[in-house]
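Mapping of the sequence shown onto UniProt numbering: position 2 corresponds to residue 2, and the numbering continues sequentially without gaps.
Treat the hints with caution; some may be incorrect.
[Unchecked claim] Taking lysine-lysine pairs in the DSSO-like style, the calculated list, with each CA pair at most 30 Å apart, reads:
(1) Lys258 - Lys193
(2) Lys153 - Lys258
(3) Lys153 - Lys193
None of these hints come from the bench; they were simulated from the model.
Predicted model, so just to flag it, every value in this text is computed and none were measured.
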Amino acid sequence: MSLPLLELFPAGLRGRLERLPESVLLSLEEIRVREGRPLEIGFGGGFAFICPQGETTSDSAAAYRPTRDDCRALLERVTNHSLYAVEEELRRGYVTVAGGHRIGLAGRTVLEGGHVRHLRDVASFNIRIARARAGCAASLLPELLDPVARTVKHTLIVSAPQQGKTTLLRDLARSISAGQWYHPQALRWGGRKVGVVDERSEIAACDRGVPAFDLGPRTDVLDACPKAEGLMMLVRSMSPEVVVADEIGRPEDAYALKEALHAGVRVVATAHALDLRDVFARPVLAELAAEGMFGAYVLLSRSGGTVRHRVVAAEEAEAEARKSAGCRSVPVIRSPNGDGVRHA
């Protein structure tokens, strides 16, 4: 069995990967290529090294070690033979290829004015495989509904990397757009107009502006657009009822989310954080929480190939944050319904 993504790899690497067992290929999550170091894959929540014959092993000494030619050829393919064309992506340390697969890059940085201008001598690649899992939000979405407004609550999905945030966000966008609320009281609600700001081209995997993944019949996507600017563009031009964004955390993101809130648009977003304590320790997220931005927090955890979620209401979030912080001072959260401030 082969995956379309494997066509991206030069022959020496592709041949070894294509010989992997079908069960491994179907659960493949990432491929790590490091010049002169063991070829590694992540699959089903675990990892293994790849032998020269294409077999998996836990012994790094027995693994195939990609050569400089392997890495140079892979970089040529990843950048479509034009480093200049992806200069901005290289500066940020990743390139997104067709299918929404994000390829992280590491090597020698070139600085300009104390900031990273771009990468050179790229010697490490982390190819993260994107997959659509239609229906993966079915058990979560009913817990996020606002029955009064007949839509979804302002929601922040929180987890460490590689816990399934983007996959879940993609299916939430699809479900909300299609009106698949998975709740008997919402059978007559219909779908909502959804706007997606896909800064890293991972959520929709657009090809010339057209999403490769199914995001529902009433979804508009701004591809490869900075979140803060994109959120404002969508609100002004596409009149969304729900906006979706991945990996918020910068001050400008917070400003744009608050503007969307004030415009009557619901927000569903993700953020990197280990738990609620971590959320409240990040100034931008703490500010949003303190101002009552989110009516629900979704905490993801993973065990092997199984992703579990826990939904925490805004009221519970403050109490849990105080408890986990050992009664340290944390932001006071205002009610998302605008009914005043809750004090400890």
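* Asked: When you check the alpha-carbon spacing of lysine 153 and lysine 193, does it fall within 30 Å?
  -> holds (15 Å)
* Does the alpha-carbon distance linking lysine 258 and lysine 193 stay inside the 30 Å limit? -> holds (19 Å)
* **30 Å limit on alpha-carbon distance, applied to hinted pair lysine 153 and lysine 258** => Given pair lysine 153, lysine 258 holds - Cα atoms ~14 Å apart, limit 30 Å.
Violation of the numbered hints given earlier is absent; every hint is satisfied by the structure.
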